[in-house]
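A.B. asks: Sequence:
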Amino acid sequence: MSYIDYTKYDFELIKKAGKIAYLDCWGDSLCCEAKHLCEEELYKGTLKKVDIYEDLNEIFWQENHAAILFPMNIDQIWLSSYKDKFKEYLDRGGIILNFTASVSDFCPYDSKYIASKTPIRLREVKLNKHPICNGLREYDINYRRGVKGFFNRGYKNPSDEAEIFMQDDEGYCVAYVDRTSSKGVLINTAGADLLAYGLFDLSTARRLGLNVLIYIENILKERLEK
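Residue numbers for the sequence shown follow this note's numbering, beginning at 44 and rising by one.
It should be emphasised that the hints constitute simulated quantities derived from the structure, not laboratory data.
For clarity, every value in this text was computed on a predicted model and none was experimentally measured.
Heads up, some of the hints might be wrong.
Said to hold, decoys possible - 20 Å max Cα-Cα, derived SDA-like pairs, lysine to any residue:
| hint | residue 1 | residue 2 |
| --- | --- | --- |
| 1 | 264 | 78 |
| 2 | 128 | 152 |
| 3 | 78 | 46 |
| 4 | 58 | 257 |
| 5 | 58 | 214 |
| 6 | 59 | 239 |
| 7 | 126 | 87 |
| 8 | 169 | 152 |
| 9 | 58 | 196 |
| 10 | 172 | 46 |
| 11 | 126 | 136 |
| 12 | 155 | 118 |
| 13 | 87 | 189 |
As the list claims (entries may be wrong) - Derived Cβ-Cβ restraints for the label pairs, each shown as a range:
| hint | residue 1 | residue 2 | range |
| --- | --- | --- | --- |
| 14 | 190 | 115 | 40 to 50 Å |
| 15 | 51 | 244 | 21 to 31 Å |
| 16 | 244 | 87 | 36 to 46 Å |
| 17 | 269 | 190 | 21 to 31 Å |
The C-beta atom is built at its ideal place from N, Cα and C for all residues, glycine as well.
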């Protein structure tokens with residue numbers, strides 16, 4: 044496994060673009076994961092909590108944020124009334140990260156979540172060669188402290204042009220990047236939180252969120268160089 048020096052990344056382009064809007068529906072409750080992640084030192088101030096009931100309209104201009112993030116436990120029904128605005132955002136070149144098990148029609152260009160019929164104890168998530176998977180061990184994605192099932196329990200069916208970077212042992216897509224449906228970028232998972240999973244574990248899974256940030260930073264860099 045090749046060495047990756049994460050200390051050299053400061054994510055200045057993400058910060059300069061207005062950070063990643065981490066959508067939140069929990070306010071100040073103990074269930075508010077957004078607050079903890081936005082304050083997480085490992086992510087170096089790249090996330091900004093946005094209350095979907097009070098501040099959602101401010102995010103729809105691309106200049107305001109580097110990307111928009113839908114976490115696993117977001118209010119999908121509330122967001123469904125904003126689908127057209129999310130579509131306009133992507134069509135203008137925006138970046139969306141969708142970590143939900145999509146059961147509501149709120150995320151444009153999404154493929155719906157399907158629960159896997161394979162028992163958790165038998166199902167395996169496989170990693171493909173992709174920047175987001177750099178330095179990860181499959182064991183660390185499948186097991187947390189020896190227990191399976193925390194990372195993901197379903198799949199999605201993306202288009203043939205999608206960059207699939209995770210799939211299960213039956214070949215179903217667990218996570219992918221869509222850079223062809225719009226002028227923007229959709230990083231989409233089947234209910235797998237790429238930033239929160241493994242964050243507090245001493246395993247290679249801790250690298251996953253940083254790899255996502257590096258991937259977004261490189262997209263912003265590519266656009267500046269054009």
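A.B. asks: Take the hints in turn and mark each one as holding or not.
C.D. replies: Right, here's what the structure says about each hint:
1. 264 <-> 78: violated (28 Å)
2. 128 <-> 152: Answer holds: residue 128 to residue 152 is near 13 Å, not above 20 Å.
3. 78 <-> 46: violated (31 Å)
4. 58 <-> 257: The hint holds at about 12 Å.
5. 58 <-> 214: Status violated; Cα separation ~36 Å.
6. 59 <-> 239: Violated, at about 23 Å.
7. 126 <-> 87: violated (30 Å)
8. 169 <-> 152: violated (24 Å)
9. 58 <-> 196: violated (33 Å)
10. 172 <-> 46: holds (16 Å)
11. 126 <-> 136: This hinted pair holds, its Cα atoms lying about 16 Å apart.
12. 155 <-> 118: Cα-Cα ~16 Å, so holds.
13. 87 <-> 189: At roughly 29 Å apart (the allowed maximum being 20 Å), residue 189 and residue 87 break the hint.
14. 190 <-> 115: 40 to 50 Å: Between residue 190 and residue 115, where Cβ atoms are some 18 Å apart, the hint is violated.
15. 51 <-> 244: 21 to 31 Å: holds (23 Å)
16. 244 <-> 87: 36 to 46 Å: violated (19 Å)
17. 269 <-> 190: 21 to 31 Å: violated (45 Å)
Comparing the model with each numbered hint stated earlier shows that hints 1, 3, 5, 6, 7, 8, 9, 13, 14, 16, 17 do not hold.
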